[in-house]
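Asker: Residue numbers (my numbering), protein chains in the order written: chain A, 16 to 342; chain B, 16 to 342.
It is possible that some hints are incorrect.
To be verified - Label pairs and their in silico Cβ distance ranges:
1. 192/A / 77/B: 49 to 57 Å
2. 203/B / 252/A: 35 to 43 Å
3. 204/B / 223/A: 48 to 56 Å
4. 77/B / 111/A: 36 to 44 Å
5. 89/A / 206/B: 47 to 55 Å
6. 208/A / 199/B: 42 to 50 Å
7. 64/A / 277/B: 23 to 31 Å
Because the hints were derived from the structure by calculation, they are not lab data.
Using N, Cα and C, we set each Cβ at its ideal position, and we do this for glycine too.
There are 2 protein chains.
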Amino acid sequence: MGTKVGILGYGNLGRGVEAAVNINEDQELTAVYTRRDPGSLTINTPGAEVKSIAELDTGKEDIDVLVICGGSATDLPEMTPKYAALYNVIDSFDTHANIPVHFANTDKAALNGKKTALISCGWDPGMFSLNRVYAHSVLPNGKDYTFWGRGVSQGHSDAIRRIDGVKDARQYTVPIEEALNKVRSGSNPELSTREKHLRECFVVAEEGADKERIENEIKTMPNYFADYDTTVTFISEEELKRDHAGLPHGGSVIYTGTTGDGTNKHVIEYSLKLDSNPEFTGSVLAAYIRAVDRLNKEGSYGCKTVLDIAPAYLSPLSGEELRAHLL
Amino acid sequence: MGTKVGILGYGNLGRGVEAAVNINEDQELTAVYTRRDPGSLTINTPGAEVKSIAELDTGKEDIDVLVICGGSATDLPEMTPKYAALYNVIDSFDTHANIPVHFANTDKAALNGKKTALISCGWDPGMFSLNRVYAHSVLPNGKDYTFWGRGVSQGHSDAIRRIDGVKDARQYTVPIEEALNKVRSGSNPELSTREKHLRECFVVAEEGADKERIENEIKTMPNYFADYDTTVTFISEEELKRDHAGLPHGGSVIYTGTTGDGTNKHVIEYSLKLDSNPEFTGSVLAAYIRAVDRLNKEGSYGCKTVLDIAPAYLSPLSGEELRAHLL
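Just need the whole structure built from these sequences, with the hints factored in.
Answerer: As structure tokens, this is what we get:
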């Protein structure tokens, strides 16, 4: 009998978690919880139930860990503290500025309920955060740079879709090679937003829409595009479906630092190249399901982040096996 | 008052730890312990003492953590368990096959003495091990590859120096680009030893020595060179000093795995490019000094590896600061 997993929310990320749980032999998906009509949802796991989100409120659902796959803007700030009082939970909250408040709210709820919660898990925040902390700790005299892409930004794609006359859109965030090379050289450059990434937009316009206006609205959109060099390419709906169906992503954390009197330079680089952003993120969440379940059984309650969890907790292997084979 | 650090052994690694401790504002080197005549040693830290190794036997030295900078073949198997009974200790034991025995001996001693010990810390084993475990845990369907270099192998350089007629030598381990690219492509190649790395040797011969014999002895040396493509270049002593004085090193852990039904591939790569192997290794040890000191103060006794320690323990920043700035 493996760890019993519940998934709340069955969008891209929920399906990514489901796929990962089904690969992990020590885990078992028991139910997907949804705000939609449960009867309308078909999931990929034979034997797992589809239930209404309302069932969770009883606190009696037979799950060891609930993975909450909601949006960071409005879903998670409410859902994670609420369910952390009743179940061990994991989320992928990624609004960096609001992490301290979200942590405090979740910590209080989880401690009250003697549950273990993990917030902001995934690859950034998540695996990238780990690498920033390890690098800063090892080389205090240094600087970290994070690059994202080449990959699809769903938030930016959505922003384009909200423009009048746009039928569909896909936006790629692309790191600028010249900036990457400057950083890797150890020269510690100061880089503006525009110098680090560019934004490629593929847009399907409604018939008869004013493409010039759409392009201008994209390129001047504050926060999303105004600070970047942005390219806009209009394509047909067929081309979008054929060439841009996937959700690839990735990126790098590059840390350059010195030791001794500063003459010796060191470069630490962690990079991801992902065919499917939601399936990889779901896989990170699934590894941490194992950790959260173990921590709770050890009596370690309250809210955690990936920084608070020892690597061995993520692995199905025993300490002996890890030391013999992977150390 | 910072964490009081003792260093046992003042070779390349001991000096690397010293340099790192002096950069960490919350740490203070109190003494270097040596098997040599303490009077013969000049260290780089004003105010720190040089003492005989015999002083450690009292168990009364005023240090929070002792970093044991000895060789894995004969020094550490004896020293680490011995001093783990008396002090919190860290070593960089790197004979992979003997880690289980070394762990067991050290664990027993540390538990008896209510001390905290960390073995096999550095970059491999160490930072590379962390990355192997994180990657295997996140993507169970996958494979890890470790490449070393381009960098100086001190063990291989020493092996060449033991050949009759050799005055000095420097050996570089070089990863083969074609193998790296195959791995990064996600094709999961099976690679022989010869396909992964080549070995470049720069040799200063004694006057009148038979260079052909030396080259042949190097290239056919079992374990060290026979399984590799090896180049031997004879150079003058001046050239060795001028062009090969440093101890650069580095390498990569590359993990390729799939998710879902196996169609989506992912590549995780962690790489290091180090101007000074001993100064970087010393910096890793210094970050873990902080962790060992904290764990001991929390009452977490016995032997650990880097896999057992949460990343936050390595940082001088508080949990709040880490969540606000690096998560």
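Asker: Each hint: holds or not?
Answerer: Hint-by-hint comparison with the structure:
1. Checking the proposed 49 to 57 Å range against residue 192/A and residue 77/B shows it holds: the Cβ atoms sit about 53 Å from each other.
2. In this structure the hint that residue 203/B and residue 252/A lie 35 to 43 Å apart at CB holds, the actual value being about 36 Å.
3. Hint check: residue 204/B to residue 223/A, Cβ distance near 53 Å, so the stated range 48 to 56 Å holds.
4. Taking the beta carbon of each, residue 77/B and residue 111/A are about 42 Å apart, inside 36 to 44 Å as hinted.
5. At about 49 Å, the beta-carbon gap between residue 89/A and residue 206/B stays in the expected band of 47 to 55 Å.
6. For residue 208/A and residue 199/B, the hinted distance range of 42 to 50 Å is not satisfied, since their beta carbons lie about 29 Å from each other.
7. Hint check: residue 64/A to residue 277/B, Cβ distance near 26 Å, so the stated range 23 to 31 Å holds.
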